[in-house]
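Going down the list, the protein sequences come from chains A and B. With the UniProt record's numbering, letter number 68 in the first sequence gets 68, and the count goes up by one each step, no holes. With the UniProt record's numbering, letter number 149 in the second sequence gets 149, and the count goes up by one each step, no holes.
Keep in mind the hints are simulated off the structure, nothing from the lab. Among the hints, a few may not be true.
[Stated by the list, open to error] Okay, the calculated bits of chain A under chain B, using three or more residues with CB under 8 angstroms as the criterion:
1. 20-29
2. 67-78
3. 98-110
4. 115-126
5. 180-194
6. 234-240
[Said to hold, decoys possible] A short list of chain B residues far from chain A (calculated; beta carbon distances all over 10 angstroms):
7. 57
8. 145
9. 166
10. 195
11. 235
12. 245
[Unchecked claim] Chain A residues, not near chain B, derived (Cβ > 12 angstroms throughout):
13. 8
14. 12
15. 13
16. 40
17. 45
18. 95
19. 144
20. 154
21. 205
22. 215
23. 216
24. 217
25. 258
26. 262
27. 266
No residue lacks a Cβ here, since even glycine has one placed at the ideal position from N, Cα and C.
Listed below, chain by chain, are the residues.
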Amino acid sequence: MARLLGLAEAVAELVRDGDTVAVEGFTHLIPVAAGHEVIRQGRRDLTLVRMTPDVVYDQMIGAGCASRLVFSWGGNPGVGSLHRFRDAVQNGWPRPLEIEEHSHAGMANRYVAGASGLPFAVLRGYRGTDLPAHTTTIATVTCPFTGEELTAVPALTPDVALLHAQQADREGNVQMWGITGVNKEVALASRRVLFTVEEVVDALEPRPGAVVLPSWVVDAVAHVPGGAQPSYAHGYSERDNAAYRAWDAVSRDRETFGRWLADEVGAVPA
Amino acid sequence: MSWTTSEMMTVAASRALRDGATCFVGIGKPSTAANLARATHAPGLVLIYESGTIGAKPDRLPLSIGDGVLAETATTVVSVPEIFNYWLQPGRIDVGFLGAAQLDRLANINTTVIGPYDDPTVRLPGAGGAPEIAASCREVVVVVAQSRRTFVERVDFVTSVGFGDGPGYRERHGLRGRGPTQVITDLGVLRPDPVTCELVLTELHPGATVEQAREATGWDLRVAADLSVTPEPSEHELRVLRAIEATATSGGAAP
Chain A
1 MARLLGLAEA VAELVRDGDT VAVEGFTHLI PVAAGHEVIR QGRRDLTLVR MTPDVVYDQM
61 IGAGCASRLV FSWGGNPGVG SLHRFRDAVQ NGWPRPLEIE EHSHAGMANR YVAGASGLPF
121 AVLRGYRGTD LPAHTTTIAT VTCPFTGEEL TAVPALTPDV ALLHAQQADR EGNVQMWGIT
181 GVNKEVALAS RRVLFTVEEV VDALEPRPGA VVLPSWVVDA VAHVPGGAQP SYAHGYSERD
241 NAAYRAWDAV SRDRETFGRW LADEVGAVPA
Chain B
1 MSWTTSEMMT VAASRALRDG ATCFVGIGKP STAANLARAT HAPGLVLIYE SGTIGAKPDR
61 LPLSIGDGVL AETATTVVSV PEIFNYWLQP GRIDVGFLGA AQLDRLANIN TTVIGPYDDP
121 TVRLPGAGGA PEIAASCREV VVVVAQSRRT FVERVDFVTS VGFGDGPGYR ERHGLRGRGP
181 TQVITDLGVL RPDPVTCELV LTELHPGATV EQAREATGWD LRVAADLSVT PEPSEHELRV
241 LRAIEATATS GGAAP
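Extracted from the complex, chain A is given alone in its bound form (with noise of 0.2 angstroms):
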């Protein structure tokens, strides 16, 4: 069962140093408040996993959290690019950060390994492309009907995933819609789950194409009204498109950074 805590509780108890965490959303439902209070905890040496590191993992990374990213797209959506990611590809600042790199069919199918029980999955992709020789996760596997070569790509396993939704009820099981991105697959695929939610009621109401996951897989619930801002919780509030272009001026600087991690984080610069 889900226990309902606050934030800075939940963090604690259930993102460790080390650990391999998965902060999804796919533009919507990012759970960025989630992420900033992973940043003031101080954590260290954990390995990101996000098909679209944007600019939550950004600050993450420029706040020294991370010493691993394991990505498919690692840009500011709409906007450009993402400076403390390449600082520390690039420059190996604040510390070096080591990358595993997929598209996004391979990430997908790897949560789905990961939520389905699996060691691997299978797709059609990668073929004749550079990536397979830089990523040692990007196998090859022969079809034992067929005999055509496909590609295999390991399970996803995260020890944690920070995710965010739309509604608990207060047994904490949890619904979300509009775009619901790997959520699901994301949340069945790791160990342990906490979910910031826009709204704690008393009963989920049934919505067409919504995503229920059920409590008893879910480990904690914190309610985070507009937890994730600047991203968007569809029915809750809007995408901050504005926040999204600022962000790369903020970024460009190690100085400049530095300061907004201190004044909007609250947190002291690694």
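Following the hints, put chain B in place on chain A, whose structure we already have.
Below, chain B alone, put in the same frame as chain A:
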């Protein structure tokens, strides 16, 4: 009405999309062009974004592939594993619309790194959905401004396959789509030679010259014998395009 070369590129890209086609859209110029097509000659164009929105009909330009306006206006919204496994992988999508940081004479695309992978000069965002879009859509249209920095003899990293090392490469690697059929730039349009797969300049935009195109290409660019000139953007196309682009900066709804 006068226009910029960037507007000409977007208009030319929009014309590459026929009404009723299904189109897997990337963000940036491809998304602008696809939405222009839907607002002009192709109202039945089906826009599919990798966030899982199928049949999106946005009334303003989305700033990202997961913009809320896409989900609100879509025929259906599916999960990310589903969009790649059920919709893209089996070859259900007609056109993949891609950008590029580097593109080579065999239409291979790099969006990963400039320079060596382990010690890059510039670290780019990476693959995203592009490798499988390039492999699985029935055809691919690339939209990219032409310059020597972008149009290189050989890409530093093959993120998405065009024609690999030449004829037969796609078939040998089990890539099921036809690959890039057009590369639309701010100067003209390049198409692959049916025999060698090498990109050839087949169309010039009004005002652009062959010399300019050669100057902006990092290989010895071949020019088609029957080189044609792109029809100018119409007033209607330009008016709609500008209205669409204004919604991106204002954040408001399209007029």
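To see whether the hints hold, each was checked on the structure:
1. Residue count for the region 20-29 of chain A with a Cβ under 8 angstroms from a Cβ of chain B: 3. That meets the three needed, and the coverage hint holds.
2. For the region 67-78 of chain A, the assignment as covered by chain B holds, since 7 residues bring a beta-carbon within under 8 angstroms of that chain's beta-carbons and 3 suffice.
3. Only when three residues or more bring their CB closer than 8 angstroms to a CB of chain B does the claim for the region 98-110 of chain A stand; here the count is 7, and the claim holds.
4. With 4 residues bearing a CB less than 8 angstroms from a CB of chain B, the region 115-126 of chain A meets the requirement of three and the coverage assertion stands.
5. Only residues whose C-beta sits within less than 8 angstroms of a C-beta in chain B count toward coverage, and the region 180-194 of chain A has 5 of them, enough to reach three; the restraint holds.
6. Under a criterion of three residues with beta carbons nearer than 8 angstroms to beta carbons of chain B, the stated coverage of the region 234-240 of chain A is upheld, 3 such residues being counted.
7. For residue 57 of chain B, the non-interface assignment is confirmed: its Cβ lies about 16 angstroms from the closest Cβ of chain A, beyond the 10 angstroms cut-off.
8. Against chain A, the non-interface label of residue 145 of chain B holds: every CB pair exceeds 10 angstroms, the least being about 15 angstroms.
9. Against the 10 angstroms criterion, residue 166 of chain B stays outside the reach of chain A, whose nearest CB is about 12 angstroms from its own CB.
10. Distance check for residue 195 of chain B against chain A: the nearest CB is about 20 angstroms away, which clears 10 angstroms, and the non-interface claim stands.
11. With a least CB separation of 28 angstroms from chain A, residue 235 of chain B remains clear of the 10 angstroms interface cut-off, as annotated.
12. At roughly 13 angstroms from the closest C-beta of chain A, the C-beta of residue 245 of chain B stays outside 10 angstroms, upholding its exclusion from the interface.
13. Taking the minimum C-beta to C-beta distance to chain B, about 28 angstroms, the non-interface status of residue 8 of chain A holds against the 12 angstroms cut.
14. Every CB of chain B lies more than 12 angstroms from the CB of residue 12 of chain A, the least distance being 30 angstroms, so the non-interface label holds.
15. Distance check on residue 13 of chain A: its Cβ is at least 29 angstroms (rounded) from any Cβ of chain B, clearing the 12 angstroms threshold; non-interface status holds.
16. At the 12 angstroms boundary, the C-beta of residue 40 of chain A stays outside the reach of chain B, the nearest C-beta of that chain being 27 angstroms off.
17. The beta carbon of residue 45 of chain A is kept farther than 12 angstroms from every beta carbon of chain B, the shortest such distance being approximately 21 angstroms.
18. The Cβ of residue 95 of chain A sits about 16 angstroms from the closest Cβ of chain B, beyond the 12 angstroms cut-off, so the non-interface label holds.
19. At roughly 17 angstroms, the least C-beta separation between residue 144 of chain A and chain B is larger than 12 angstroms, which holds for a residue marked as non-interface.
20. Non-interface call for residue 154 of chain A relative to chain B: holds, since the shortest CB-CB distance, roughly 16 angstroms, exceeds 12 angstroms.
21. For residue 205 of chain A, the requirement that its beta carbon stay farther than 12 angstroms from each beta carbon of chain B is met, with the minimum near 18 angstroms.
22. At roughly 21 angstroms from the closest C-beta of chain B, the C-beta of residue 215 of chain A stays outside 12 angstroms, upholding its exclusion from the interface.
23. Separation of residue 216 of chain A from chain B is adequate, the least Cβ-Cβ distance of about 21 angstroms exceeding the 12 angstroms criterion.
24. For residue 217 of chain A, the shortest C-beta to C-beta distance to chain B comes to about 16 angstroms, beyond the 12 angstroms cut-off, and the non-interface label holds.
25. The Cβ of residue 258 of chain A lies farther than 12 angstroms from every Cβ of chain B, with a closest approach of about 21 angstroms, so its non-interface assignment holds.
26. For residue 262 of chain A, the requirement that its beta carbon stay farther than 12 angstroms from each beta carbon of chain B is met, with the minimum near 26 angstroms.
27. Every CB of chain B is more than 12 angstroms from the CB of residue 266 of chain A (nearest about 28 angstroms), matching its label as outside the interface.
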